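Residue strings, one per chain:
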Amino acid sequence: MYSFEPTEEQKMVVSAAKKLALKEFRSRMRDADEKSEPAPQWFQAGWELGLLPASIPEEYGGFGEHSAVTGVLAAEELAWGDLSATLTLAAPNLVALPVLFCGSLEQKKEILPHFCTDSYAYGSAALMEPSFGFDPNSPKTTAVRKGGKYVLSGVKCNVPFAAESEWLLVYASLEGQCQAFLVKKGAPGLETKEREQNMGMNAFPLYAVELRECEIPGAQRLGGEAGCDFQLLLNASRVALAAMAVGIARAAHEYAVDYAKQRKAFGEAIAQRQSIAFTLAEIITDIDAARLLVWEAAWRIDQRKDATREAYLAINFASDMVLTAADRALQILGGYGYVRDHPVELWLRNARGFGVMEGIAIV
Amino acid sequence: MISFENSKNVREQYEYAESIARDIIRPQARYFDDYKHEHQEPREYEKFIWNTARKKLQSLDPSAVVPEEPFMLQLHMIEAISFGDAGFFMCLPWPALGGNAILTNGTEEQKQKLARRFAGSEPTWTCMALTEAHCGSDSSAIRTRAVRDGDHWVLNGEKLFVTSARKAMIDSKGVMVVWATVDPSAGRGGIKPFVVEAGTPGVKITKLENKLGFRASDTAVVILEDCRIPLDNLLGGHEGKGFKGAMKTFDSARPAAAANGLGIARATLDFLKDQLALNGIKIRYGTPRNLLTSIERDIVDMEAQLEAAWLLVVRAGWLVDQDRKNTLESSMSKVKAGDVITKITQKGIELMGSLGYSRRLLLEKWMRDGKVIDLFEGTGQVNRLVIARRILGYSNKELK
Chain A
1 MYSFEPTEEQ KMVVSAAKKL ALKEFRSRMR DADEKSEPAP QWFQAGWELG LLPASIPEEY
61 GGFGEHSAVT GVLAAEELAW GDLSATLTLA APNLVALPVL FCGSLEQKKE ILPHFCTDSY
121 AYGSAALMEP SFGFDPNSPK TTAVRKGGKY VLSGVKCNVP FAAESEWLLV YASLEGQCQA
181 FLVKKGAPGL ETKEREQNMG MNAFPLYAVE LRECEIPGAQ RLGGEAGCDF QLLLNASRVA
241 LAAMAVGIAR AAHEYAVDYA KQRKAFGEAI AQRQSIAFTL AEIITDIDAA RLLVWEAAWR
301 IDQRKDATRE AYLAINFASD MVLTAADRAL QILGGYGYVR DHPVELWLRN ARGFGVMEGI
361 AIV
Chain B
1001 MISFENSKNV REQYEYAESI ARDIIRPQAR YFDDYKHEHQ EPREYEKFIW NTARKKLQSL
1061 DPSAVVPEEP FMLQLHMIEA ISFGDAGFFM CLPWPALGGN AILTNGTEEQ KQKLARRFAG
1121 SEPTWTCMAL TEAHCGSDSS AIRTRAVRDG DHWVLNGEKL FVTSARKAMI DSKGVMVVWA
1181 TVDPSAGRGG IKPFVVEAGT PGVKITKLEN KLGFRASDTA VVILEDCRIP LDNLLGGHEG
1241 KGFKGAMKTF DSARPAAAAN GLGIARATLD FLKDQLALNG IKIRYGTPRN LLTSIERDIV
1301 DMEAQLEAAW LLVVRAGWLV DQDRKNTLES SMSKVKAGDV ITKITQKGIE LMGSLGYSRR
1361 LLLEKWMRDG KVIDLFEGTG QVNRLVIARR ILGYSNKELK
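Respectively, the protein sequence lines represent chains A and B.
Just so we're aligned: the first sequence equals residues 1 to 363 in my numbering.
Just so we're aligned: the second sequence equals residues 1001 to 1400 in my numbering.
One thing to keep in mind: the hints can contain errors.
If you only want the chain B side, here are some residues facing chain A, beta carbon under 10 Å, derived [as the list claims (entries may be wrong)]:
{"id": "1", "residue": "Val1010"}
{"id": "2", "residue": "Glu1012"}
{"id": "3", "residue": "Tyr1014"}
{"id": "4", "residue": "Leu1291"}
{"id": "5", "residue": "Thr1293"}
{"id": "6", "residue": "Ser1294"}
{"id": "7", "residue": "Ile1295"}
{"id": "8", "residue": "Trp1318"}
{"id": "9", "residue": "Thr1327"}
{"id": "10", "residue": "Leu1328"}
{"id": "11", "residue": "Gly1353"}
The list that follows gives simulated cross-link-like pairs (lysine-lysine, BS3-like), each with its CA atoms no further than 25 Å apart [to be verified]:
{"id": "12", "chain 1": "A", "residue 1": "Lys264", "chain 2": "B", "residue 2": "Lys1400"}
{"id": "13", "chain 1": "B", "residue 1": "Lys1111", "chain 2": "B", "residue 2": "Lys1008"}
{"id": "14", "chain 1": "B", "residue 1": "Lys1371", "chain 2": "B", "residue 2": "Lys1273"}
{"id": "15", "chain 1": "A", "residue 1": "Lys140", "chain 2": "B", "residue 2": "Lys1282"}
{"id": "16", "chain 1": "A", "residue 1": "Lys23", "chain 2": "A", "residue 2": "Lys11"}
{"id": "17", "chain 1": "B", "residue 1": "Lys1008", "chain 2": "A", "residue 2": "Lys305"}
Because the hints were derived from the structure by calculation, they are not lab data.
Being a predicted model, the structure only gives us computed values, none of them experimental.
Virtual Cβ for every residue (Gly too), placed ideally from N, Cα, C.
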């Protein structure tokens, strides 16, 4: 039976995320963006929400059970506060969740407890590559078997916290399939290069990474010899980003609503004009629609049903939607939308990242 | 707990309705669309529904045990039947708009009377007369008068765009719910719904509209001339639920209209995907957007839009079954469906080229049929107003 009612527990998570988003994320968003560094408070205050340990079973040091639906509910709220902050807080998921989903027993035992302590633990993944025509299903970075080991070679871009992360999950083509490999900090042949300079997500540190015949033990292939279900990881990543797109769109819409109600022109609030009011009505309709697509895909992941189509539709829809929402919100603010005194230009820059960035978040 | 799975009951009835759509409705769709056959009735289909299908489809039979999720069931039935042909959905002999207004706003006696009409051996329809020549969405401007005269109400006026009026009032012993004002100076406050039974003197159908699409369904002009009805036929009794009652009906009529349209949209998209597959064109789901071909992108976008629109409908319907307020969500579902059906059917023709424009296929018909979804049960513009007022916290005076 269909239901659109989150559980009581999920409502509590949402409400805690909302508080954090307002208190720590939104308030520091502009400053962090200008400095191109995450606010120090994001790490610990965010970690205290306990989202990741709550996804990890007790046997690996956590205190809960994973749910993609809970993940997208939280992701939307957090991204409403700020995208860079959300991505920063969620970066450890990039290693922990693939290990939880697909890892071998040894990998789970070794890696998951690391993400269940009281303090933020860096973790990251390297999926994207700096070439036109990059397709996550077939990265140019390769993994080649050599004895009992794998040799990784290639160039990656947009890798969060590349230098800080204890574990980096590197995606590479192995015999025609995209697979994931756990690379330990300081592994020979793994080199963090320059900091990426993107249009948006400025406060989320991303780096270029090069793998030069980086040799890792065979046991560090995600899932061991059996490998991993890459499609599942890609789906969970797309759903995560789509949920964040909904959060940003909601923020921009809300801001535009408030502005349009207080901004007077020709003797009345501009929101009283249909051209503005209808635009706002269309945006909120698509925000709700995108959220439902996200929930559906996340629900399928939780049900262990194939979510490939739904996750793909969700990110396609949400990435278009958030761009339109941020653009229309900026348009409603007129010239004020273009200046950095207001947050809308930041949301527009962040919004453009959806649909082109892959694998920088996962729920 | 959030869930995106239908109950077994909804699933089974949906599948059954879809089999009717495929096997019985679709093969006749073109015939009843033809100018030459306009205003004919798909009688065999109507009889089949009355005698056979409604035993299985709980939504169609007001005497059936009330299912757990009555509105969810209804929306799925509507979508599935419309997948065959959207106009055929309007031909279903079931309580429909007028009947549902009685079932939700009527007195016990009025409800029972309606149930008896639906217990007979012949297909029976209802209709709802709201729109007038000078007012559609602005229904508070209704001029049709209801004047009390002793034990009767006397109705006078002209109603437009009355779906299934002929079926309800001439072809069967059905009923029409007429919205009329008892006090034109009172605006909205004076408007009340009345039940007019088939056979009541003074009801005339003066015209059947010739339409762009939806030709299997009759849309009539109805004139009420000194039409006398018993006092008790004031819907909801003497405390009459009035204007608010009409608006409440819209809260479920809008997602229903949206479901009606999305059935057509799904038919279009299904057809296109089959055609592409037959022509060796594969849609590479999961490939980044910048690497897709134009056709792949169109299909993916249409699919996402359709799925999104359908989920908005399902959510609006779920709220109805939860007995929660859904005016906002209901209008959202209608706005989205109106846009989506328009775009998908227009695009469908483009993708098939001149073949799409030809009456050999149903694509051009689906585009004509689909357009009305953005018009009835509140135009796209009016539903945008409803949404905007709610999110902005404006009254209808503050946002006109």
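* Structure versus earlier hints - violations, ascending order -> As far as the earlier hints go, 2, 3, 5, 6, 7, 9, 11, 13 are violated by this structure, in ascending order.
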